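Protein chains in written order, with my numbering: chain A, 1 to 286; chain B, 1 to 460; chain C, 1 to 319.
Calculated directly from the structure, the hints in this document are not laboratory data. Nothing here was measured: the structure is a model prediction, and the numbers come from that model.
Per label pair, the in silico range of CB-to-CB distance:
#1 A:Gln112 <-> B:Thr200: 33 to 39 Å
#2 A:Gln112 <-> B:Leu185: 42 to 48 Å
#3 A:Thr115 <-> C:Leu47: 56 to 62 Å
#4 B:Lys298 <-> A:Glu181: 37 to 43 Å
#5 A:Glu181 <-> B:Leu449: 45 to 51 Å
#6 C:Leu46 <-> A:Glu130: 41 to 47 Å
#7 B:Leu444 <-> A:Ser223: 42 to 48 Å
#8 B:Ser168 <-> A:Asp69: 44 to 50 Å
Below, a sample of chain C positions facing chain A; criterion: calculated Cβ distance under 8 Å:
#9 Gly169
#10 Gly252
#11 Ser254
#12 Arg256
#13 Ala264
#14 Glu278
#15 Thr279
#16 Arg280
Each residue gets a CB set at the ideal place from its N, CA and C atoms; glycine is no exception.
Read off the chains here:
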Amino acid sequence: MRRILFFSLMIVSLLLASCGSTPEPTKAPTAEPTKAPAGLLGKLSLAGSTTVQPLAEVLAEAFMDMNPDLVIEVQGGGSSVGVTSAGEGTVDIGNASRAIKSSEFEKFPDLQVFTIARDGIAIVTNPGTELPSLSVGQVRDIFAGEIANFSDVGGPDAPITIFSREEGSGTRAAFEELVMEHEEEKLISENALLQQSNGQVRTTVSTTPNSIGYLSFGFLDGSTRPVAIDSVEPTVDNVKNDSYPIARPLNMMTKGAPNALAQAFLDFILSDAGQEIVAEDYISVK
Amino acid sequence: MTEQQPSSAPEVMTGDVRRPLIVTAIALIWTLGAVAAAGLLLFRRPEEADAVTTLPATTVAAAVVVVGLGLLVGWGLWTLKNWTRTAMIGILGLVGLYYGTLVVFDTFAQIFGGEHIVPLLEILKNSGLALLRVLATGAVPLALIYGLTRTESHFRETTRERDVTNRSVWYVLIAAALSAIIIVLLIILFTSKEAWQAITGVGILEMIFGTIWRPGSIIGVEGAQYGMLPMIVGALLSTFGAMVLGLPLSLGAAILLTEVAPAWVRELFQPAIELLAGIPSVVYGLFGMVILAPLIRKIPVQANSGFGLLNASIILAIMILPTVTNIARDAIRTVPKAYKEGSLALGTTHWQTIRQVILPAARSGIVAAVILGIGRALGETMALIMVIGNSIAMPRSLNDNPLTLFLGTARTLTGNIAVEINYATGAHRSALFFSGVLLFFMILAVNSLARYLTRERLAS
Amino acid sequence: MSGKELSTPIAEVMMEDLTVRRDSGNLARCKLGQVVAFGVFWLAGLLAVAALLWIVGYVLVEGFQVIDIEFLTTRPRGGVSGEGGMSTTIVTTLYLVIFTMFLATPIGVGAAIYLTEYAVDAARRSKVLARLIQIARTGVEILAGVPSIIYGLFGFALFVVAMKNFTGGFSILSASLAGACMVLPIIIRTSEEALLAVPCSYREGSLALGATKWQTITQVVLPAALPGIVTGLILSVGRIVAETAIFWVTIGGSYRLPTGVKSAGRPMALHVYMLATETRAFEKAMGTAAILILTIVILNLFINLSSRYYSKQVMGRTQ
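Construct all of the structure, not just a fragment, from the sequences and the given hints.
This is the structure we're talking about:
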């Protein structure tokens with residue numbers, strides 16, 4: 001009797017289980033779609049420059065709103081990672097915040113480059129430090145460690161703490177090319193405190209007194225104080241009219257021709273809607 | 001229900017075998033169905049979509065394997081083989097676990113998927129539903145496992161089968177025991193393989209004693225230099241600072257907890273120290289960045305940024321405190337009571353006893369604790385990269401006072417790896433792997449020394 | 001009896017036997033020295049506890065101001081100022097813990113079973129096996145001391161790069177494999193202790209009743225050692241939740257909800273790091289850190305309670 005009870009209980013729970021079990025693999029619940037879905041399905045992965053990262057994330061969010069079944073992942077790592085990952089095909093699109101070098105084209109001959117925006121590099125100091133306009137040469141000497149006190153360039157009497165980026169950074173590469181190699185080639189001081197992303201530079205410069213660093217325009221948010229270069233303020237307009245000297249392209253790269261999803265995303269970025277988003281913090285290419 | 005002894009004679013089926021047959025039949029159907037469903041699900045995941053369309057052969061092969069396994073299991077159960085029973089329990093357990101975790105993940109994704117805020121009521125409702133689903137999906141395999149374990153007496157195995165089972169268990173387990181050393185060998189193998197390019201290209205001496213670290217990932221690798229001495233010095237200095245600040249603290253706390261404090265204080269402080277051990281290192285880093293850095297900046301020395309060796313030493317000292325305290329405590333506790341009682345009987349004060357009898361007796365254990373603390377400090381990464389500044393220069397004092405060495409910034413070997421590995425290529429990456437190999441053997445040496453001292457103490 | 005009387009030759013000889021140097025004989029000075037020394041020790045202990053309270057307290061106080069249902073159930077939205085909550089990091093941490101424990105537990109407990117139950121006989125039977133077992137034990141000890149960045153480097157070289165097709169590169173699978181290597185020695189050590197603590201009489205009784213060795217292990221020894229083994233598992237979970245360096249290089253860093261074992265993710269500890277350094281959202285970093293610390297505290301509580309239950313059981317033989 002007990003056994004029959006046991007077996008019937010099992011059969012009942014078996015039936016229950018087959019009704020309620022075999023759950024689908026995890027899927028986040030979709031919000032009500034606000035636009036008619038364009039129907040793109042799949043996954044897109046991007047990696048590379050930390051300058052391009054927040055821009056790519058905002059563009060990705062907008063594109064994913066239009067295609068709810070599409071997932072776009074954006075990771076950082078620096079422009080070098082972007083070039084290498086794109087060249088080797090480990091990601092769909094690589095991001096870089098500098099021009100691609102000839103040596104990189106040699107290594108990855110079928111690398112295709114799309115410039116999606118232009119960006120300026122601002123020299124920033126801690127909000128407590130007020131500096132007059134500097135020349136590119138002075139900035140170069142400060143970062144080389146030759147000018148050690150702000151008073152030498154018209155600022156307060158305080159020794160300078162330099163924040164720079166790690167070597168894989170496109171921002172650093174662009175900065176080195178445009179500033180450190182200006183007229184004379186100098187190396188960034190070995191006493192510079194190295195940070196791994198624009199965000200880190202912003203965090204540390206904004207909280208460390210008497211510090212100086214360089215940031216992509218997209219990261220200027222009032223927490224740091226930008227410095228005018230050759231009396232030109234670092235603004236989007238000044239980059240557009242080429243009066244601000246420190247600017248570089250923001251590039252997206254693919255291995256060979258982009259796949260369908262990547263092409264769609266790139267088309268969106270280069271469209272009016274996409275460039276509108278770009279123009280919020282950066283300089284559009286149109 | 002009559003008990004039947006497992007016999008070494010060939011199986012004999014009697015009427016009493018009917019009931020476990022029902023068990024086994026249901027188990028068979030359920031298992032086959034579950035395995036098939038799992039297989040289908042696996043192949044229907046979006047990531048595997050490409051795999052399915054391009055490799056139909058795999059699906060066919062998998063289906064054949066599943067059917068074949070099912071037939072084998074069915075035959076085993078029909079003939080009441082004991083190994084089949086054990087295998088069934090294992091399979092049922094795994095399948096039940098799989099479905100149970102799927103339900104858990106599904107629920108978590110619904111609550112924490114993050115696309116919209118989930119109100120508390122809905123969280124409770126989802127959790128309740130999930131519990132029911134887990135019970136439903138878990139109840140069946142659990143019931144079947146229960147049935148299978150209770151009907152063990154109905155299954156038979158020949159002595160030969162039992163021997164085979166025992167032997168295979170033995171082999172599997174010894175493989176598990178060797179897994180640790182296999183992993184050690186794999187670690188050494190893979191990191192050395194990656195480091196080989198740097199060892200042959202740049203040279204070990206140049207890397208260990210070179211003072212300039214400019215890998216030039218961007219500028220170009222022709223003039224790249226891979227001198228790690230600044231990082232080695234940075235690691236040694238931060239460890240030294242941690243020792244100076246942390247040893248008195250840890251050893252004092254150890255002596256306090258073993259000799260001086262009353263029992264209730266011990267009960268209070270002990271869990272506190274264990275909690276310190278469990279705190280994630282990023283929290284220490286956060287603490288160093290947000291609280292210690294501004295405090296250190298108050299020291300009136302030029303170019304004091306608040307980041308640097310002092311900051312790192314302070315947090316390292318707190319981080320190694322649990323390790324050193326616990327081991328030193330053990331060392332002091334194992335000193336025979338007779339030593340202490342004899343010394344006190346002679347009229348010395350408690351402190352004299354501690355200083356001149358107990359501590360010398362526990363000396364090797366305490367030294368082992370210190371050395372383990374050094375090993376821990378050398379291996380720390382995340383907290384340090386948040387506070388130490390990560391500059392590539394050799395650490396130097398900020399002014400004439402040599403103590404300001406600790407206000408300067410530095411970079412440790414571990415920090416070097418963590419900060420640069422994500423984008424390093426070619427010789428640069430290889431150099432980083434070499435520093436990993438170096439670190440591995442350094443810490444191995446330190447830990448072996450500590451182990452040797454502990455063993456010596458236990459022997460004597 | 002004043003200190004002066006201690007300075008008799010006999011007392012000196014007695015003292016010398018124990019190599020206890022006698023102070024000038026002034027008992028009061030000795031007492032003062034003791035008071036000072038003990039005061040220093042109390043200071044050390046109090047400083048240690050104070051450091052804990054300061055760190056944990058600051059993080060909890062700052063963090064709890066940020067925590068609400070929205071923070072817990074919405075995902076990070078990235079961007080330059082760290083908007084959003086931390087929900088997907090909780091899911092990722094859960095995935096990571098479950099997969100890592102799934103990989104590490106059978107191997108760890110199996111190894112511990114071998115080392116306690118089978119190793120002694122094996123060592124007696126053959127010199128080769130004895131050597132092998134010695135090497136196995138050394139392996140566990142070496143592994144226990146490896147710093148987590150080396151596990152990360154190893155995981156990066158093997159699981160992320162070399163086995164890219166199998167693990168999907170930066171993914172939870174790679175991270176779990178590396179994490180399993182890291183917690184393996186912890187599980188082996190604690191399981192070994194738990195198994196050794198099971199009295200021999202249990203095993204002998206079971207064998208005397210005719211059970212095979214394997215039956216004894218699975219039905220008598222393991223259940224008896226279970227509380228201790230579970231303690232070790234919880235310790236490992238605590239380690240996985242708290243570690244960052246190893247996952248920094250193996251799990252990617254994407255804050256999206258992971259859809260399977262091959263997707264990248266961002267566990268809570270990594271999220272704290274990224275929030276603190278990349279964005280200026282220190283409060284959110286504190287909030288995530290507060291949840292992290294709470295998790296560790298709860299795990300520690302489990303460990304304390306279960307080990308107390310365990311020792312009562314072994315001592316009091318409540319079964």
